[in-house]
Each structure stands twice: as structure tokens, then as C-alpha cells.
Amino acid sequence: DAGITQSPRHKVTETGTPVTLRCHQTENHRYMYWYRQDPGHGLRLIHYSYGVKDTDKGEVSDGYSVSRSKTEDFLLTLESATSSQTSVYFCAISDSYTEAFFGQGTRLTVV
Amino acid sequence: AQSVTQLDSHVSVSEGTPVLLRCNYSSSYSPSLFWYVQHPNKGLQLLLKYTSAATLVKGINGFEAEFKKSETSFHLTKPSAHMSDAAEYFCVVSGSSNTGKLIFGQGTTLQVKP
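Chains as they are written, first to last, in the working numbering: chain Y, 1 to 111; chain D, 112 to 225.
Just so you know, these hints were derived from the structure itself, not from any lab. The hints are all genuine.
Restraint ranges, calculated between C-beta atoms of paired labels, are given here:
1. Tyr140/D to Glu27/Y: 24 to 32 angstroms
2. Glu79/Y to Glu175/D: 41 to 49 angstroms
3. Ser65/Y to Ser191/D: 45 to 53 angstroms
4. Asp54/Y to Ser123/D: 42 to 50 angstroms
A few chain Y residues that don't get close to chain D, going by computed Cβ distances all over 12 angstroms:
5. Asp62
6. Ser69
7. Glu72
Ideal placement from N, C-alpha and C gives every residue a C-beta, glycine not left out.
The whole structure should be built from the sequences, with the hints applied where relevant.
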């Protein structure tokens with residue numbers, strides 16, 4: 001399995017609080033992604049990174065920001081969590097424009 | 112722009128019968144296409160991929176898919192379903208040649224009945 005670690009794996013937080021999810025890789029892959037998974041929507045891209053300090057928005061980026069200060073870490077921040085951000089978040093990595101490898105997911109509940 | 116449509120949100124088959132999960136794609140250039148599987152409360156696992164080589168692609172666990180450019184389809188098949196195949200399946204298209212974005216379909220839940 002590709003070396004991807006997401007932390008935390010589960011989190012419950014209150015509306016309006018900031019939350020940061022971390023994705024750590026040991027594969028030295030160039031591309032990193034954050035997706036959210038919701039029933040009936042598949043996986044939707046939030047943000048992605050194509051290199052250190054190089055990031056761009058996906059299709060559902062509102063309310064989220066990201067940072068990538070080094071190759072191995074990609075952070076997803078919810079500046080002020082809302083109930084609509086309750087979801088399962090997946091990090092993925094790839095080394096080209098072909099297949100990606102996924103982490104185990106973070107289940108986030110905003111109450 | 113790229114997009115992918117999975118034509119069935121839910122498919123139910125009996126164990127030992129064939130599986131067909133349908134996927135159509137839209138792409139402005141020659142796409143890379145993938146099928147991923149997700150078992151309950153698990154991450155995603157790559158089943159197979161098409162990257163402009165052979166149009167019939169064989170994957171893990173007896174699955175295969177055929178790329179048909181004229182029909183813009185990439186349907187997933189398996190001759191004989193097993194109980195362990197019950198999962199959610201995602202058809203995915205590579206969104207861009209320089210960013211590696213993957214665009215997911217909405218998913219198809221496969222139920223396998225004994």
C-alpha cells in the first residue's frame with residue numbers, strides 16, 4: 001500500500017470552530033488532493049496541489065483552504081466549520097496524471 | 112472539460128451471475144479512465160485503469176473493462192459475482208494532463224444476493 005496517513009481519523013467539532021486535517025505521504029509523490037465524499041455525490045475535489053506551495057481549487061472549494069509547505073504534507077483547513085461540511089474526507093496522492101492512491105479517510109462531524 | 116456519468120446508482124445481482132456496471136465519459140482529449148472500489152468503511156482501491164494502450168483492460172479480482180471511444184463508454188464487467196464483490200464502485204476520468212485531477216462519477220452500489 002502507498003504510504004499515506006490521514007489524521008485525525010475521526011473528529012467531532014462545533015459549528016464555527018476552525019479545523020485542520022492533515023495528510024502525510026512517504027512516497028515523494030508530486031500531486032496531492034483533498035476530496036470529500038457524500039452520499040449520492042461520489043468524491044468531489046476540494047483542492048489539489050501540484051507541487052510545494054502550488055495549489056489550486058477544485059469543484060467544492062468554498063469554505064476550505066489548503067497549504068503545502070513541504071512535499072510530504074498537505075493540510076486542509078476549515079476556517080469556520082459548518083454543518084454542511086460534515087463529511088468523509090479523503091486525501092490522495094499521485095506521481096503523474098494517471099492513478100491516485102487514497103488514504104483511509106477522516107470522518108468529520110460538525111455539530 | 113471532463114465528466115463521467117455512472118448510469119446506475121444501484122445494481123443487484125445473484126451470486127454466480129454476471130456483473131455489468133455502466134460508465135459513460137466526456138473528455139476533450141484522449142482520456143485516462145479508472146475504476147475504483149470501496150468496501151464499507153474502507154478507503155478506495157484501484158481495480159483497473161485504461162491509459163491508451165489495449166482497449167480491453169483486465170483488473171484485479173476478475174474484473175475487466177472495455178474502452179469504447181465511439182460510444183464514450185468504459186463499462187465494468189465480471190463473469191461471475193462473489194459475495195465479496197458487494198461494494199461501491201466509482202468510474203473516474205483523468206481531468207487534465209498536467210494537474211492529474213481525477214473526476215469521479217457518483218458511484219454504483221453493487222449488491223450481491225446469495
